[in-house]
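Engineer: Keeping the supplied structure of chain Z fixed, place chains G and D upon it in accordance with the hints.
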Amino acid sequence: MSGINQDIMVNINNVCKSYGQLEVLKDINFSVAKGEVVVICGPSGSGKSTLIRCINRLEKINSGEIIVDDISIQNPKTKIVDISKNIGMVFQDFNLFPHMTVLKNITFAPVKVKKLKLKEAKAIATKLLERVGILDKADQYPSSLSGGQKQRVAIARSLAMQPELILFDEPTSALDPEMVGEVLSVMRDLADDGMTMIVVTHEMGFAREVADEVIFLDDGVLIEKTTPEDFFNNPNHKRAQEFLSQIL
Amino acid sequence: MESGIFDRIIMQLVTGLYWTLCLSMAASILSLIVGFVAGLIKSIHVPIITYVVNFYTYIVRGVPFLLLLFIIYYVLPFFNIRLSPFIAGVLSLVIHEGAYMTEIIRSGIESVEKGQHEAAHSLGLNYFQKMRYIILPQAIKITLPPLAGQFVLLIKSTALISLIGLTDLTRVGRQLTQRGENPFLIFFIVGIFYFVICYPIINISDRLERSV
Amino acid sequence: MNYFFQWRIIEKYSDYFYRGFFNTLSISAISISLALIFGIILAILKRSEIKGLSWLSGGYINLIRSTPLLVQVYFVYFGLPYININISGYWCGVIALVLNSGAYISEIVRAGLESIPNGQVEAAQSLGIDKRQTYIYIILPQALRKIIPPLIGQFTYLIKDSSILAAIGIYELTNTANVVHARTFKPIEPFVVALLGYIIIVTILMISANILKKKFSLSGY
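Protein chains in written order, with the working numbering: chain Z, 1 to 248; chain G, 1001 to 1212; chain D, 2001 to 2221.
Isolated chain Z, as found in the complex (with noise of 0.2 Å):
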């Protein structure tokens, strides 16, 4: 028993979330293994945003339990700062602090949350700006960064604070074409680091290529959880058929 508890890293357990009358997320239930990559898709309005934003207490779920690393997430005694520490995120629209330098933006939480020396900080972030591929724009304002730039430093921002899991909501569709390569491709090398990711894209190519697993969101159901071979190849559910055949 607590042999499988310990590589579970997430556990959503029968959660509902709605917004005075409209249900947005209905009875969703999954799980998550430790360094694994899942992929939520499904159409706009399905509740895949308002899911992932959940797992890190953005917002508040109305019953279920979500279970992160054995931190209850929607218990009330746990504080933001502990989910915090071990679940980063990134954003669609980057949310760089525009009044601090990248090197800033990446060494603020870990010195003022996680009470690092400064120095410490900075070769930490010193050595992720140079995983993403940015070390030379460390000292320059979010402003004169594309945004292809701007995500990867968001990507770098939260790995700073060492996570074990990290959210995505949709991290590329707020970029120009050219760009999402590379963010793409900065996220596949997280994942063959074996960091647990959930991300929420619309980004297919990269579901089929990374993913672990694929859950598939309609009108705040879970209708789909399944391999990404099954999920393209063969999918079980008129919805998810044609979804798919929208979108590839």
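Quick caveat, the hints were computed from the structure, so don't treat them as lab data.
Here the structure is a predicted model, which means the values were calculated and not measured.
It is possible that some hints are incorrect.
[Said to hold, decoys possible] DEER-style ranges, computed between Cβ atoms: (1) E178/Z <-> K1141/G: 34 to 42 Å; (2) I2044/D <-> F1184/G: 23 to 31 Å; (3) R2019/D <-> D1206/G: 34 to 42 Å; (4) Q140/Z <-> S1107/G: 28 to 36 Å; (5) K1114/G <-> P43/Z: 39 to 47 Å; (6) H1045/G <-> I2200/D: 22 to 30 Å; (7) K1114/G <-> N75/Z: 39 to 47 Å; (8) Y1051/G <-> I2044/D: 39 to 47 Å; (9) S2054/D <-> F1184/G: 24 to 32 Å; (10) H1045/G <-> E2114/D: 30 to 38 Å; (11) L2212/D <-> Q1116/G: 32 to 40 Å; (12) S143/Z <-> N2210/D: 16 to 24 Å; (13) Q2133/D <-> H1117/G: 47 to 55 Å.
Glycine included, C-beta positions come from ideal geometry on N, C-alpha and C.
Structural biologist: Using the frame of chain Z, we list chains G and D on its own:
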């Protein structure tokens, strides 16, 4: 006491209100004309005239309205030009508010894309036609909210004309307190009078601004 | 028309003008500082989730914006002694200016705070930065840059508005000119001095606002 309050205070204030409204109307219309003409001039950059207009708006915007009013009312008689408080009030309001309206009209005209000017030009419209049919209709939409805000400032500024002796709303209020009425009550009621005039305009201005 | 500007009037009353100039500056400086604090409080109240507080603050702001400053000055200056609170005209003037300017400043502050996209707060939260730190390090530095230029604009309005305190006998610049005019029966000289005084202050402020704007736009975003 109960029946008295209406005759004693409200009716008195209404006579003051009359002058506040007259002053506001006259000054609004005239300063809009000044602002419109000067704004047009500023937007087409006629060398010397534009400098004159620039100097006018620069000086006026640096000077308190009350000082301008005192200058008009006290300095002009020195040159044998004697104005009644009402006329002096209208004149200084027009000079002062006209400068602000100039800037509003100018920035409204300049906010219309350059392509619109070029398109109008390429269709062979002359300056008058271009302004009348193409530029101004578009500029008005952008100009209306700040213009409405400026009218409110103008109406509030009329209160200062009471200081050179016009018996407007504010002066009547002051006179009532000099006769021993409760100043809190009087100036609260005076405030309500202004509020009833100004708030609807502010509200419209805010709504227009949000819809632009 | 031959008229010679009589410098000796200005010389003779130079002490008056210095005092007027100084009073205008000191009243304005004190008022803007207090109004800034008051304005921030009003802005926070207006953003409050408690409906009553938000409504109260909004109502106050509308009331101030819809009534003349002179009426507000009278309200304070003649009202307070009526309920046996006796403070000097100078401080009555400061109170009226703070009550007035605070309402306008709160609108500036509110617009500055609202201009910060919610994604900034979410990003900070996802990095484990707590609410207080988010306010201090993420929201305020960004909001401040947006607030400072219009705040300087508001300061120039306040300096000009302080002339209204002439109505309650404060010896600021405009009233000083009026007093010298009454003593000498020469209107031109004192009013020209006052006029230049205001233009100098306002010009300095306008230039510094422009320098700040440039500095901000150079510093990266």
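Engineer: Indicate, hint by hint, whether the structure satisfies it.
Structural biologist: Now the hints, each set against the structure:
1. E178/Z <-> K1141/G: 34 to 42 Å: With a Cβ separation near 38 Å, E178/Z and K1141/G satisfy 34 to 42 Å, so the hint holds.
2. I2044/D <-> F1184/G: 23 to 31 Å: holds, 28 Å
3. R2019/D <-> D1206/G: 34 to 42 Å: Given range 34 to 42 Å: holds, Cβ gap about 41 Å.
4. Q140/Z <-> S1107/G: 28 to 36 Å: Taking Cβ atoms as reference, Q140/Z and S1107/G lie about 33 Å apart, which means the hint holds.
5. K1114/G <-> P43/Z: 39 to 47 Å: For P43/Z against K1114/G, whose Cβ atoms are near 42 Å apart, the range 39 to 47 Å holds.
6. H1045/G <-> I2200/D: 22 to 30 Å: Because 28 Å falls inside the window, the suggested range holds.
7. K1114/G <-> N75/Z: 39 to 47 Å: Roughly 59 Å apart at Cβ, these two residues miss the hinted range, so it is violated.
8. Y1051/G <-> I2044/D: 39 to 47 Å: Cβ of Y1051/G to Cβ of I2044/D: about 45 Å, so the range 39 to 47 Å holds.
9. S2054/D <-> F1184/G: 24 to 32 Å: holds, 26 Å
10. H1045/G <-> E2114/D: 30 to 38 Å: holds, 36 Å
11. L2212/D <-> Q1116/G: 32 to 40 Å: holds, 33 Å
12. S143/Z <-> N2210/D: 16 to 24 Å: Since the Cβ atoms of S143/Z and N2210/D sit about 21 Å apart, the hinted range of 16 to 24 Å holds.
13. Q2133/D <-> H1117/G: 47 to 55 Å: holds, 50 Å
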